[in-house]
Amino acid sequence: MDISCNYSPKLYSHPNFVKLMIEVKNIEKRFGDQKVLKGISTTFEAGKTSLVIGQSGSGKTVFIKSLLGIHEIDKGTIAFNDRIYGKMNKDEKRELRSEIGMVFQGSALFDSLTVEENIGFPLKMFTNKTPKEIKERVDFVIERVNLVEAHHKKPSEISGGMQKRVAIARAIVNNPKYLFCDEPNSGLDPKTATVIDNLIQEITREYNITTVINTHDMNSVMEIGEKIVFLKKGLIAWEGTKEEIFRTDNKAVVDFVYSSNLFKKVREAVLNGH
Amino acid sequence: MLKDMFNRPVKWSVMKQLILKEIDDLIIDSLGIVCFISFFVGGVVAIQTALNLTNPLIPRYLIGFATRQSVILEFAPTFISIIMAGKMGSFITSSIGTMRVTEQIDALEVMGVNSLNYLVFPKIVALFLYPFIIGIAMFLGIFGGYLAAVYGGFASQAEFIDGIQINFIPFHITYAFIKTLSFAFILATIPSFHGYYMKGGALEVGKASTVSFVWTSVVIILLNYILTQILLS
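The listed protein sequences correspond, in order, to chains C and D.
Just so we're aligned, residue 1 is where the first sequence starts under our numbering, counting upward by one.
Just so we're aligned, residue 1001 is where the second sequence starts under our numbering, counting upward by one.
Just so you know, the hints here were simulated from the structure itself, not pulled from any lab data.
Each hint should be verified, as a subset may be incorrect.
List time: in silico DSS-like cross-link candidates among lysine-lysine, alpha-carbon distance up to 25 Å [said to hold, decoys possible]:
1. D:Lys1021 to C:Lys87
2. C:Lys232 to C:Lys251
3. C:Lys132 to D:Lys1199
4. C:Lys65 to C:Lys265
5. C:Lys132 to C:Lys93
6. D:Lys1087 to C:Lys132
7. C:Lys93 to D:Lys1021
8. C:Lys135 to D:Lys1207
9. C:Lys38 to C:Lys265
10. C:Lys90 to D:Lys1003
11. C:Lys132 to D:Lys1011
Every value quoted in this text rests on a predicted model; they were computed, and no experiment measured them.
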């Protein structure tokens, strides 16, 4: 029951020995007259949880949807390992999509299906597994995300936190190499949000997935931000780790991240060495 | 939309289940309301005809004749389709629209599923059974007319049955079912279009359902006119 990913030798032949998984180069996206992404370049590595943060309207969702191919970019390139998305044919794009798991802001579970059917959906659609094999795999993933009690329930019959866990289970059931999460904590209480954050980080490390999370939850930033990309007005204003974000003097980041008194005090304590 | 629907088709084993589910949702679930309306409207057509036959020289079998003609030519195929534009159409628009609003369609696309094929194609296939509903509506409409006419004392059983047999043109049935199949296609596609391409939130889902009902009805009425002109004139 292995859900780990096999990486190509090319991955390890990167000059800096970085396990480079997604490379974004100078991407731009415009809606009518409004330029939402104004030339973003960054990389997201395997086995790390990368967070994209920024104010509402900064272009976070458009950025993540561009990575997913939901929005077609106007300029620049997005490469998944050595595969450039814009140069892929339909079959290659389809193959790539089968390597991607996505957790949507509202979970996006299929209302008419049970928890078990929702999780098994990608397997049923894209693999030739028998119903027995699908059931075994679904049971394994359900256990992994601690959802055993919700097997036969419909999404409307479970809590928001459980729905998020179902969405995560559905996203990882088909051994994804890339996991995208759009505001996975929105609408959740702080304790459940932490459980979801930790679950995503554990899965990312355990199965060496390249995870990109779109969030404006500062608890997530402090908890799991192994790489943080701060977007402002369609541009990357700052990049770093959760340790570096405490020490940065970038005004835009400080204004955004430390806008609450609690985080201001946390930062002061860290800077004072407490 | 129709062209994109046939790209990257969903696996047959999955599609089969989707079609059966749509048959249940769209066809089987509509039977109750169709039977109820057909039966009583057939009865009303018979009573209205009878009440307007004030001249004693006009034969009473015309009640059966008028009921048959009204039900087969217009009531069952067109009137029921307008009602179905409200029932099935708003169900289709709101269910697909809700999937759009709650990002379920995005989820399908991200997984690599052709959402148009997954959501719309089974509905079109399921609605090939729509003539079955209209056949039942025709039967129950005439049966309702028969009961209203005979047990209401407007005509004898023999007169009514004579009426429904007199001057029967089999092509009228063909005409009715050609219209029915055309309307079935309209009933599946226009509401799906309005649901699939809607933008906004829950309020817009309601608006899209209303707009879809209006457009489906308008297209059905216009198509009814065109097909009648082509097939009967």
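Structure-based check of all given hints:
1. Our distance criterion of 25 Å between C-alpha atoms is broken by Lys1021 of chain D and Lys87 of chain C, whose separation comes to about 38 Å.
2. At most 25 Å may separate the alpha-carbon atoms for a hinted pair to count; Lys232 of chain C and Lys251 of chain C meet this at roughly 12 Å.
3. For the hint linking Lys132 of chain C to Lys1199 of chain D, the alpha-carbon distance of about 39 Å lies beyond 25 Å, and the restraint is violated.
4. Restraint check for Lys65 of chain C and Lys265 of chain C: not satisfied, since their Cα atoms lie roughly 35 Å apart, outside the 25 Å limit.
5. With a C-alpha separation of about 29 Å, the suggested pairing of Lys132 of chain C with Lys93 of chain C is violated against the 25 Å cut-off.
6. Among the hinted pairs, Lys1087 of chain D with Lys132 of chain C is inconsistent with the structure: their alpha-carbon atoms are about 38 Å apart, more than 25 Å.
7. A hinted pair counts as satisfied when its Cα atoms are at most 25 Å apart, and Lys93 of chain C with Lys1021 of chain D does not qualify at roughly 30 Å.
8. Our distance criterion of 25 Å between C-alpha atoms is broken by Lys135 of chain C and Lys1207 of chain D, whose separation comes to about 40 Å.
9. Of the supplied pair hints, the one linking Lys38 of chain C and Lys265 of chain C is violated, its CA atoms being roughly 34 Å apart against a limit of 25 Å.
10. A C-alpha spacing of about 16 Å is found between Lys90 of chain C and Lys1003 of chain D, which places the hinted pair at or below 25 Å, so the restraint holds.
11. Between the alpha carbons of Lys132 of chain C and Lys1011 of chain D the distance comes to roughly 18 Å, so the proposed pair stays at or under 25 Å and holds.
The earlier numbered hints that this structure contradicts are 1, 3, 4, 5, 6, 7, 8, 9.
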